[in-house]
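Participant: Listed below, chain by chain, are the residues.
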Amino acid sequence: MLKLIQNESIKIALRLRTWIMAALIVVIVLVAAIVINAHLKPNANWKQTLLNQNAQAEATLSNPRVYMPPIDRLRLKAQVAINTYDIAHNLPPGHQDAWVFTTGALSVGQIGIVFVTVVAGDIVAGEFASGTIKALLTQPVNRTRIILSKYVSVMLVTLMMFALVLVSSIVIGGIFFGFNGIGEPLVFVNAKQVVTQMTTGSFITLGYAFALISGVMIVTIAFMISAVFRSSALAIALSIITLFVGVSLVQLLSSFTWDKYILFANTDLMQYITGGPPVTGMTMGFSIVVLAVYFIVLNAVSWRVFVQRDVSS
Amino acid sequence: MSNEVALEIKNLTKVIGRKTIVDDLSFAVRKGEVFGLLGPNGAGKTTTIRMIVGLIGITKGSVLVHGVDVTKDFEAAMSHVGAIVENPEMYKYLSGYRNLLHFARMTPGVNRTRIDEVVQLVGLKSRIHDRVRKYSLGMRQRLGLALALLRNPSILILDEPTNGLDPAGIREFRDHLRSLASERGMSVIVSSHLLAEMELMCDRVAIIQDGKLVDIRSINEMKGDAPTAAQTTRFKVDNHELAMSIFAKADLACQPASESGELDVVLDPLAVADLVAALVHAGVKVSGVRTVTRTLEESFLEMTGEVRHA
Numbered sequence: 001m002l003k004l005i006q007n008e009s010i011k012i013a014l015r016l017r018t019w020i021m022a023a024l025i026v027v028i029v030l031v032a033a034i035v036i037n038a039h040l041k042p043n044a045n046w047k048q049t050l051l052n053q054n055a056q057a058e059a060t061l062s063n064p065r066v067y068m069p070p071i072d073r074l075r076l077k078a079q080v081a082i083n084t085y086d087i088a089h090n091l092p093p094g095h096q097d098a099w100v101f102t103t104g105a106l107s108v109g110q111i112g113i114v115f116v117t118v119v120a121g122d123i124v125a126g127e128f129a130s131g132t133i134k135a136l137l138t139q140p141v142n143r144t145r146i147i148l149s150k151y152v153s154v155m156l157v158t159l160m161m162f163a164l165v166l167v168s169s170i171v172i173g174g175i176f177f178g179f180n181g182i183g184e185p186l187v188f189v190n191a192k193q194v195v196t197q198m199t200t201g202s203f204i205t206l207g208y209a210f211a212l213i214s215g216v217m218i219v220t221i222a223f224m225i226s227a228v229f230r231s232s233a234l235a236i237a238l239s240i241i242t243l244f245v246g247v248s249l250v251q252l253l254s255s256f257t258w259d260k261y262i263l264f265a266n267t268d269l270m271q272y273i274t275g276g277p278p279v280t281g282m283t284m285g286f287s288i289v290v291l292a293v294y295f296i297v298l299n300a301v302s303w304r305v306f307v308q309r310d311v312s313s
Numbered sequence: 001m002s003n004e005v006a007l008e009i010k011n012l013t014k015v016i017g018r019k020t021i022v023d024d025l026s027f028a029v030r031k032g033e034v035f036g037l038l039g040p041n042g043a044g045k046t047t048t049i050r051m052i053v054g055l056i057g058i059t060k061g062s063v064l065v066h067g068v069d070v071t072k073d074f075e076a077a078m079s080h081v082g083a084i085v086e087n088p089e090m091y092k093y094l095s096g097y098r099n100l101l102h103f104a105r106m107t108p109g110v111n112r113t114r115i116d117e118v119v120q121l122v123g124l125k126s127r128i129h130d131r132v133r134k135y136s137l138g139m140r141q142r143l144g145l146a147l148a149l150l151r152n153p154s155i156l157i158l159d160e161p162t163n164g165l166d167p168a169g170i171r172e173f174r175d176h177l178r179s180l181a182s183e184r185g186m187s188v189i190v191s192s193h194l195l196a197e198m199e200l201m202c203d204r205v206a207i208i209q210d211g212k213l214v215d216i217r218s219i220n221e222m223k224g225d226a227p228t229a230a231q232t233t234r235f236k237v238d239n240h241e242l243a244m245s246i247f248a249k250a251d252l253a254c255q256p257a258s259e260s261g262e263l264d265v266v267l268d269p270l271a272v273a274d275l276v277a278a279l280v281h282a283g284v285k286v287s288g289v290r291t292v293t294r295t296l297e298e299s300f301l302e303m304t305g306e307v308r309h310a
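Going down the list, the protein sequences come from chains A and B.
Once you know that position 98 of the first sequence is 98 in the working numbering, the rest is easy, because the numbers rise by one and skip nothing.
Once you know that position 106 of the second sequence is 106 in the working numbering, the rest is easy, because the numbers rise by one and skip nothing.
For the record, the hints were derived by calculation from the structure and aren't laboratory data.
Just to be clear, a hint being listed does not mean it is correct.
[Claimed, not checked] Negatives, chain A to chain B, calculated, CB over 10 Å:
1) ILE20
2) THR60
3) ASP72
4) PRO140
5) PHE286
[Unchecked claim] DMTMM-like mimics (lysine to aspartate or glutamate), calculated; alpha carbons at most 20 Å apart, straight line:
6) LYS249/B to ASP274/B
7) LYS212/B to ASP23/B
8) LYS72/B to ASP97/A
9) LYS236/B to ASP264/B
10) LYS3/A to ASP203/B
11) LYS31/B to GLU183/B
12) LYS31/B to ASP264/B
13) LYS10/B to GLU86/B
14) LYS60/B to ASP97/A
15) LYS19/B to ASP97/A
16) LYS31/B to ASP203/B
17) LYS41/A to ASP97/A
Nothing here was measured: the structure is a model prediction, and the numbers come from that model.
Cβ atoms here follow ideal geometry from the backbone N, Cα and C, with glycine treated the same way.
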């Protein structure tokens with residue numbers, strides 16, 4: 001089994017595109033650091049600025065003539081609460097260090113997921129497209145072991161992608177903004193809309209762990225489509241679409257009680273730490289169960305179709 | 001060639017939708033023999049081969065590799081089998097060597113020494129570290145053969161192996177196969193729709209039409225030149241009537257060959273000399289005697305009962 005995983009990993013590692021995507025991730029992190037650095041200027045009047053911001057926000061929120069989606073309303077309220085907290089605790093906003101930068105780099109992980117989707121979408125379908133599937137399946141290795149080795153390799157790529165985002169943002173963030181601050185508090189609004197704080201280090205750990213879980217789900221979808229439809233393009237396109245449309249879909253259907261069973265209402269476990277779930281009454285335990293069920297079903301479908309398939313043409 | 005059976009196909013059937021692609025096919029391939037699957041395009045040759053190597057499911061029947069059922073213990077059965085199904089497709093972004101290394105990792109006991117051996121055998125040594133992308137079709141074919149031979153299989157299965165090869169390549173390929181069968185005792189199964197090719201390569205052929213087995217014949221039998229069998233001999237003589245009376249005396253059936261005005265007689269090859277002596281003695285001028293071998297194509301068309309247009 002280890003040799004099969006080695007085979008699949010070599011096939012991924014010896015493709016030029018893998019390294020282009022890895023380089024792009026580092027470049028995006030670097031550009032983000034440069035842009036943030038350029039806009040980082042100390043403001044002596046920051047307390048007044050925040051007070052002005054809050055006054056403006058309160059005015060908007062209390063004006064019945066302004067339409068605002070509930071989620072934005074919540075975000076604005078949260079911003080007001082954070083500003084108030086910063087003023088009270090004398091914390092100038094926009095403070096940067098390697099660790100704050102690393103929490104921000106989580107969104108680079110989203111782009112990274114798109115890249116991993118390309119690998120996952122191609123790993124089974126690509127063998128069919130090139131015809132190498134015939135050689136692969138006429139070796140003395142049964143199909144269950146082949147598909148498992150492919151899935152494990154894709155999971156390894158997902159893990160390495162997040163590791164790359166994490167390490168490159170710590171290193172690049174550190175070079176630009178200094179390495180101090182891992183133990184300093186990060187202020188945010190929790191699921192119950194209360195302003196809370198956590199050390200930046202803990203926040204990074206949770207954030208990356210939960211991002212990895214949601215990444216695994218997206219990549220598993222791409223892998224399943226790749227195995228079932230034997231088309232790399234379809235697998236890549238469909239999973240990127242679901243990645244972007246999924247969350248909006250959950251919002252769109254939020255009036256239905258079954259909305260909470262949609263995969264994308266549950267992929268982001270960070271919603272239980274900050275912001276709150278899209279449907280009230282959802283708990284992290286519920287989401288973990290839903291994710292586990294989807295995970296098992298998606299992989300069962302991939303396995304079943306791959307093992308049963310007639311390889312002709 | 002021994003009588004030991006390497007591969008046995010029993011009542012193999014494949015139904016896709018309502019269509020029966022392969023219908024109750026049974027045959028056995030002996031150790032060290034080159035066995036052909038011959039039939040027109042769409043006869044079910046490739047489907048049969050794909051069932052043997054486990055690429056497609058079996059509707060009914062079984063495939064036994066040295067007695068091991070392919071569907072029951074795929075890994076054990078396939079460890080004896082090397083296959084090229086249609087064109088040998090390889091990872092184009094990898095070198096030939098890395099391709100072989102990749103597949104070597106999938107079979108226990110295949111090491112780098114073995115890889116070097118097969119590379120030497122197929123004559124790819126000088127280009128083995130180039131990417132497959134840069135290979136010619138002939139080189140890919142040779143790499144495919146190297147891959148099929150990698151785990152030293154006792155059964156080699158090749159689907160339309162000479163598709164796209166030039167005449168020199170086909171000849172080289174054929175020589176490879178013959179020596180693998182005769183020197184290493186490997187059983188080789190090849191499919192083709194080309195009669196001439198099968199004639200040169202195989203010991204026996206199974207003729208398949210519409211998914212059904214029409215017949216299994218040895219190549220010699222089909223050509224009608226088995227040493228002891230009676231053969232058609234064509235005589236060119238000046239006096240037909242006299243010659244025919246002499247044939248009649250010898251109890252031999254005779255019929256004029258179509259356009260040439262020659263006479264065809266079916267007789268034991270050993271009797272030809274005596275018959276010529278009798279003709280000459282009676283004053284018939286014999287200007288030509290030759291045996292007529294039926295071509296494989298004639299036998300084939302006779303068996304499949306089909307008139308085909310080129």
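Participant: It remains to establish, for every hint, whether it holds in the given structure.
Facilitator: Hints, one by one, checked against the model:
no. : hint                 : result
1   : ILE20                : holds, 14 Å
2   : THR60                : holds, 55 Å
3   : ASP72                : holds, 47 Å
4   : PRO140               : violated, 4 Å
5   : PHE286               : holds, 40 Å
6   : LYS249/B to ASP274/B : holds, 13 Å
7   : LYS212/B to ASP23/B  : holds, 5 Å
8   : LYS72/B to ASP97/A   : violated, 61 Å
9   : LYS236/B to ASP264/B : holds, 9 Å
10  : LYS3/A to ASP203/B   : violated, 39 Å
11  : LYS31/B to GLU183/B  : holds, 12 Å
12  : LYS31/B to ASP264/B  : violated, 40 Å
13  : LYS10/B to GLU86/B   : violated, 23 Å
14  : LYS60/B to ASP97/A   : violated, 68 Å
15  : LYS19/B to ASP97/A   : violated, 69 Å
16  : LYS31/B to ASP203/B  : holds, 12 Å
17  : LYS41/A to ASP97/A   : holds, 14 Å
Going through the hint list in order, the structure does not satisfy hints 4, 8, 10, 12, 13, 14 and 15.
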